[in-house]
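S.K.: These protein sequences, in sequence, are chains A and B.
Reminder that position 109 of the first sequence reads as 1369 in the numbering used here, one-by-one numbering, no gaps.
Reminder that position 143 of the second sequence reads as 1403 in the numbering used here, one-by-one numbering, no gaps.
Any given hint might turn out to be false.
[Said to hold, decoys possible] Incomplete in silico selection of chain A near chain B, CB under 10 Å:
1. P1405
2. E1411
3. K1416
4. F1417
Since the hints were made in silico from the structure, they are not lab data.
All C-beta atoms, glycine included, are put in the ideal place defined by N, C-alpha and C.
There are 2 protein chains.
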Amino acid sequence: MTYCLALRLDDGLVFMSDTRTNAGVDNISNYRKLHILRPAPDRIFVLQSAGNLATTQEVLDRIHHDLAAPAGTESLATVEEMFQAALYVGRVSRTVVAAHRDGLMSSGADGTATFILGGQLRGSAPDIMLVYPEGNYIRASDERPFLQIGESKYGKFMLDIAVRAHADLAAAAKIALASMISTARANLSVGPPYDLGVYRTDALTIDEFRITEDSTILHRLLELWEKHIMAALHELPAVTDLDELVAEPGRARP
Amino acid sequence: MTYCLALRLDDGLVFMSDTRTNAGVDNISNYRKLHILRPAPDRIFVLQSAGNLATTQEVLDRIHHDLAAPAGTESLATVEEMFQAALYVGRVSRTVVAAHRDGLMSSGADGTATFILGGQLRGSAPDIMLVYPEGNYIRASDERPFLQIGESKYGKFMLDIAVRAHADLAAAAKIALASMISTARANLSVGPPYDLGVYRTDALTIDEFRITEDSTILHRLLELWEKHIMAALHELPAVTDLDELVAEPGRARP
Chain A
1261 MTYCLALRLD
1271 DGLVFMSDTR
1281 TNAGVDNISN
1291 YRKLHILRPA
1301 PDRIFVLQSA
1311 GNLATTQEVL
1321 DRIHHDLAAP
1331 AGTESLATVE
1341 EMFQAALYVG
1351 RVSRTVVAAH
1361 RDGLMSSGAD
1371 GTATFILGGQ
1381 LRGSAPDIML
1391 VYPEGNYIRA
1401 SDERPFLQIG
1411 ESKYGKFMLD
1421 IAVRAHADLA
1431 AAAKIALASM
1441 ISTARANLSV
1451 GPPYDLGVYR
1461 TDALTIDEFR
1471 ITEDSTILHR
1481 LLELWEKHIM
1491 AALHELPAVT
1501 DLDELVAEPG
1511 RARP
Chain B
1261 MTYCLALRLD
1271 DGLVFMSDTR
1281 TNAGVDNISN
1291 YRKLHILRPA
1301 PDRIFVLQSA
1311 GNLATTQEVL
1321 DRIHHDLAAP
1331 AGTESLATVE
1341 EMFQAALYVG
1351 RVSRTVVAAH
1361 RDGLMSSGAD
1371 GTATFILGGQ
1381 LRGSAPDIML
1391 VYPEGNYIRA
1401 SDERPFLQIG
1411 ESKYGKFMLD
1421 IAVRAHADLA
1431 AAAKIALASM
1441 ISTARANLSV
1451 GPPYDLGVYR
1461 TDALTIDEFR
1471 ITEDSTILHR
1481 LLELWEKHIM
1491 AALHELPAVT
1501 DLDELVAEPG
1511 RARP
């Protein structure tokens, strides 16, 4: 499996991806799932991928192939808006899956992939979009300005908190990491190292980091987590002491 | 959907269930999913249910029917160990599903149900067990002494924390509530009121509470949550400042 997430904040964008891949539990490996593309000086893209690894690799190869092709070929260098970039990635993705449909069907494998495409074209606002295997896309909403692909449930709680608290870029990077390790603890098929990309609006360049398994920040985060969650629980009045609760003794039957 | 959870602690057991049921998004209702049974003075059971509502109701009716039947009928009053109680519930569940198989198949509905059975028989330790639709069961483990049925992913993080922190019964009740509201915020088909059962070892009676949507404890919990999670993030060194991180500039292609 995979877990990738992206947050859109007032100051910019934050991306985080795990690197674990698996074909069954006995074939575990590590591949980069966060890819930076800067096809022209006026634009930068971050592409995160979940799904069939062969498909995501071929999609990336075709994206680079189109960028190297003669002028006139549609590519991430020619698109004029983010939504066109998302549609382009969707088309490439569908093309790759269609090319391998017969081979995949014979083994019953799912060849599809899902992407988060983020970035900025100079003159437009930065944005993040989720590109479906069907080739269409959705944006993050203003109320819920984050996107997730892969194993999204375990770490969603942290992202909700971040949004409620109007986190800045630095805080959001930590929240992204917290969301990632919550997921990795619950699902073995999500694992380190983790790739982090932090994009400040209008920079048109991105800071990339890799957080490895033996990183002290991971251990420190777990410690602080436990300390503060237990502190929150300590401050909370006992559930069983509240007058407002309807104690319901004697409901036992028969 | 549904979310039910049970924790096994040194001091006893904690149970929490939501009450929302749905048949499609346009048919939402509330039903109790946490049921207390005290079929004899030497035993108490808590049964939590997820899955087909008609099945869970008929299973409960049949359990009560067996308890009222003449001596010699197997029931929760006659079982001698918790595992026998779990197997009995599993058999009743399979019987109910089998009786309606033809009718359910014609509409393509899934008639199965999953249960958590907890409780104590005097002279044995309290325990919690998950009864599968197939009729077999698993216990909670010593390393992960909780069970979940229904929408289990969103709220698992909180239970992990509780276990790491060796929570007592009062703290565990709060953790169960926190796990529940994390789930309810993420999945509309899980919702209040929430039923809470707190069982102290050897009491052979259980304290029951119902937490309603307008309960101030729910709002207070969210507030404290946000405050402490942001405090934990504040204490954490910035992800992007750490020397140990491998900054990876210039990886952009082409």
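S.K.: Output the numbers, in ascending order, of every earlier hint that fails for this structure.
M.R.: Violated: hint 1 alone.
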